[in-house]
Amino acid sequence: MPPVWKGAFNSHHQSGCGAVMLFALIQAASFLLGEITVKVGVICSEEETRYLHFKTGESLENLPKHHLLGSIVQLMKKYPYPGDLAPESIDWVTNVALELEQIYKPKFVFLSYANFYLISLLKHPGLYDQEALRRHLFAEVERFLRQTGLTPFIVGTGGTLPLEGEVDLTELDGFVTASRLGPVYAGLYQPSKRDLYYLNQLEAVQMILPQDRFAQVWRPPSNFEGGIPNYLLVAARGFAFGTPDSTKRPLYRVNARDNRIPVYAPDPIKSIVDIAPAVKKRLRKERVALVVLEGIDLEHFAFGNDSCSNTYSWYTYLPGEGQYLAMTTGRHIIDHPYPPGYRDYQDEKGKTYPFSGYYRSLPIGTIGSLSSKTSIAVGSRSVLTHVASGADISIEGYTRSLKQKGTLGVIEISKTRKDRTRRR
420 MPPVWKGAFN SHHQSGCGAV MLFALIQAAS FLLGEITVKV GVICSEEETR YLHFKTGESL
480 ENLPKHHLLG SIVQLMKKYP YPGDLAPESI DWVTNVALEL EQIYKPKFVF LSYANFYLIS
540 LLKHPGLYDQ EALRRHLFAE VERFLRQTGL TPFIVGTGGT LPLEGEVDLT ELDGFVTASR
600 LGPVYAGLYQ PSKRDLYYLN QLEAVQMILP QDRFAQVWRP PSNFEGGIPN YLLVAARGFA
660 FGTPDSTKRP LYRVNARDNR IPVYAPDPIK SIVDIAPAVK KRLRKERVAL VVLEGIDLEH
720 FAFGNDSCSN TYSWYTYLPG EGQYLAMTTG RHIIDHPYPP GYRDYQDEKG KTYPFSGYYR
780 SLPIGTIGSL SSKTSIAVGS RSVLTHVASG ADISIEGYTR SLKQKGTLGV IEISKTRKDR
840 TRRR
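First residue of the sequence shown? That's 420 in the working numbering, and the numbers climb one at a time after it.
Worth flagging that the hints you see were computed from the coordinates, not collected in a lab.
Among the hints, a few may not be true.
Unchecked claim - Here are the simulated DSS-like cross-link-like pairs (lysine-lysine), alpha carbons at most 30 Å apart as the crow flies:
| no. | residue 1 | residue 2 |
| --- | --- | --- |
| 1 | K822 | K770 |
| 2 | K458 | K699 |
| 3 | K474 | K824 |
| 4 | K700 | K458 |
| 5 | K822 | K474 |
| 6 | K824 | K542 |
| 7 | K542 | K496 |
| 8 | K689 | K704 |
| 9 | K458 | K822 |
| 10 | K667 | K612 |
| 11 | K824 | K458 |
| 12 | K689 | K700 |
| 13 | K770 | K474 |
| 14 | K458 | K704 |
| 15 | K689 | K699 |
| 16 | K770 | K667 |
| 17 | K496 | K458 |
| 18 | K497 | K822 |
| 19 | K824 | K770 |
Starting from the given sequences, assemble the full structure and let the hints guide the process.
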């Protein structure tokens, strides 16, 4: 066990500091158009603070009058999010998490440190010291664990490689969907024969998988309403796809698609989907932190030499929906709500959960959604911090396509009422 938090496994912080009662929040602010507000959203920016019915995105007219909400807003104002490409955002995650942990004293803490990965992809290597930034990241994780004494599960999502080239998909006849940040997977809808001929000639395209191959790694749930790509494109290692939605920023590195990723845990972890059940088991008797370090591979991991599988069939998990949900639900991508390469924003106007990406309902079975365990999440990974954690309270950097919009807080009202607050 790393000496910096040796002995912390048995420190459970039984003191009453931060014993903030959340009573009456559901009654004080729970009604909008006659419907109980299960989640309240708060957006803090330099210009304003907005309170939202999180499912609909509509403004809340009757604001909750409760000390917890006031404390969260004060915390969000005290620590404005520095931005996805700011090294200071690493400290931001730790600072916000430490104070929120004192306010709520949760059983489970989910932390997402995404900035090292984003900086690696999008900043010129001559403008920062990658090794120094990595050391600082590890020091911040240690600071959080040292001060809270939580039992740690620490996972690196895998490393990056220098970009060899981009595969231009902007002139295809078909419709392409992919992440905006150096995508190595892309969904292709209704391609022409010319499209498929062009793609088959490119050595930088490793695989062109038709829908029937999807069945090996993903099957649509019965209530799936989106469009399933006709093909999934997989870039060769070192390459990324250039799509109409890709970021206009220069890309310097790309995800390495590591088949094995580093993990530090008090129990054996063979596969990425073993993390959630191991955390849940520990939560029966201990307070636990699950810490996600994006862009960190086994070679550079500071917390030991253990690793776990990061694959399912031919599919390799990347920092994003699939990898996060595999960690927090214990289920492989075949049981996830959306397929790889999916970026379907059809009928975006009026969609439910407008601040949760393309999710129209939030995932079930996440660690933070356990009804008997209190939980918080803090992260610099926008959207996935609250979506994948399922935490009672989450605070994340609110950015879209790297554009800074403020800080987003989400509060699960039904789990933070008076009679459940102090259940440990």
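Structure-based check of each hint:
Proximity of K822 to K770 is assessed by CA-CA distance (about 22 Å); at most 30 Å being required, the pair is judged to hold. A hinted pair counts as satisfied when its Cα atoms are at most 30 Å apart, and K458 with K699 qualifies at roughly 23 Å. Using a Cα cut-off of 30 Å, the hinted pair K474 and K824 holds, with the two alpha carbons roughly 19 Å apart. A C-alpha spacing of about 27 Å is found between K700 and K458, which places the hinted pair at or below 30 Å, so the restraint holds.
For the suggested pair K822 and K474, the alpha carbons sit about 23 Å apart, so the restraint of at most 30 Å is met. For the proposed pair K824 and K542, the alpha carbon gap of about 20 Å is at most 30 Å, so the pair holds. Proximity of K542 to K496 is assessed by CA-CA distance (about 28 Å); at most 30 Å being required, the pair is judged to hold. Between the alpha carbons of K689 and K704 the distance comes to roughly 23 Å, so the proposed pair stays at or under 30 Å and holds.
At roughly 25 Å between alpha-carbon atoms, K458 and K822 fall within 30 Å of each other, so this suggested pair holds. Straight-line distance between C-alpha atoms of K667 and K612 comes to about 28 Å, which keeps the hinted pair within the 30 Å bound. Between K824 and K458 the alpha-carbon distance is near 20 Å, which keeps this suggested pair within the 30 Å criterion. Simply put, K689 and K700 have alpha-carbon atoms about 16 Å apart, close enough for the 30 Å limit, and the pair holds.
With a C-alpha separation of about 9 Å, the suggested pairing of K770 with K474 holds against the 30 Å cut-off. Distance hint between K458 and K704 is fulfilled; the C-alpha atoms sit about 28 Å from each other, no more than 30 Å. Restraint check for K689 and K699: the C-alpha separation of about 16 Å stays at or below 30 Å, so the hint holds. With a C-alpha separation of about 27 Å, the suggested pairing of K770 with K667 holds against the 30 Å cut-off.
In summary, the hint linking K496 to K458 is supported, as the alpha carbons are separated by about 20 Å, within the 30 Å threshold. For the hint linking K497 to K822, the alpha-carbon distance of about 20 Å falls within 30 Å, and the restraint holds. This hinted pair checks out: K824 and K770 have alpha carbons roughly 20 Å apart, not beyond 30 Å.
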